Amino acid sequence: MKIRASLIVRGRVQGVAFRHHTARTAQQLGVSGWVRNLADGAVEACFEGEEADVLAMVQWCRRGPELARVDELIEKLAEYTGEFTGFEVRG
Numbered sequence: 001m002k003i004r005a006s007l008i009v010r011g012r013v014q015g016v017a018f019r020h021h022t023a024r025t026a027q028q029l030g031v032s033g034w035v036r037n038l039a040d041g042a043v044e045a046c047f048e049g050e051e052a053d054v055l056a057m058v059q060w061c062r063r064g065p066e067l068a069r070v071d072e073l074i075e076k077l078a079e080y081t082g083e084f085t086g087f088e089v090r091g
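Mapping to the UniProt record's numbering: the sequence shown position 5 is 5, numbers consecutive.
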C-alpha cells in the first residue's frame, strides 16, 4: 500500500545538511516528494511511496543527520496522490 506523509521538523535542523541527508535517504528508499527550510527555522517535508518506506523516512526524520537535534516532529498521514516523479530539495 502506498501512502503520503507531511512533516514539520523543529529543533536544530537548518545549517546541519538536514535537507541534503533527507533527499539522499529518500532516494535510497525510493520515496518521492520534497523537503524545504521554513523561515521560522523548521524543516518541512512531504514523502510518498510504499508505506514501509515512507514510515522509515518519518523515523529517520525523528533523529535526522548527525549534527541535527530534533525537538519536535509533527506528522500528518494522508492518501497517496502519485503527484511526484522523484525527490527534490526546495528553497
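No lab work stands behind these hints, which were simulated from the structure alone.
Each hint should be verified, as a subset may be incorrect.
[As the list claims (entries may be wrong)] In the DMTMM-like style, the derived pairs of lysine to aspartate or glutamate whose C-alpha atoms are separated by at most 25 angstroms in a straight line are:
no.	residue 1	residue 2
1	Lys76	Asp53
2	Lys2	Asp40
3	Lys2	Glu83
4	Lys76	Glu44
5	Lys2	Glu66
As the structure is a computational prediction, the values presented were derived from the model and not from experiment.
Now the hints, each set against the structure:
1. Lys76 - Asp53: holds (15 angstroms)
2. Lys2 - Asp40: violated (31 angstroms)
3. Lys2 - Glu83: Cα-Cα ~12 angstroms, so holds.
4. Lys76 - Glu44: Judged against 25 angstroms, a Cα distance of about 12 angstroms means the pair holds.
5. Lys2 - Glu66: Violated, at about 29 angstroms.
In this structure, the earlier hints numbered 2 and 5 are contradicted, and the remaining ones agree with it.
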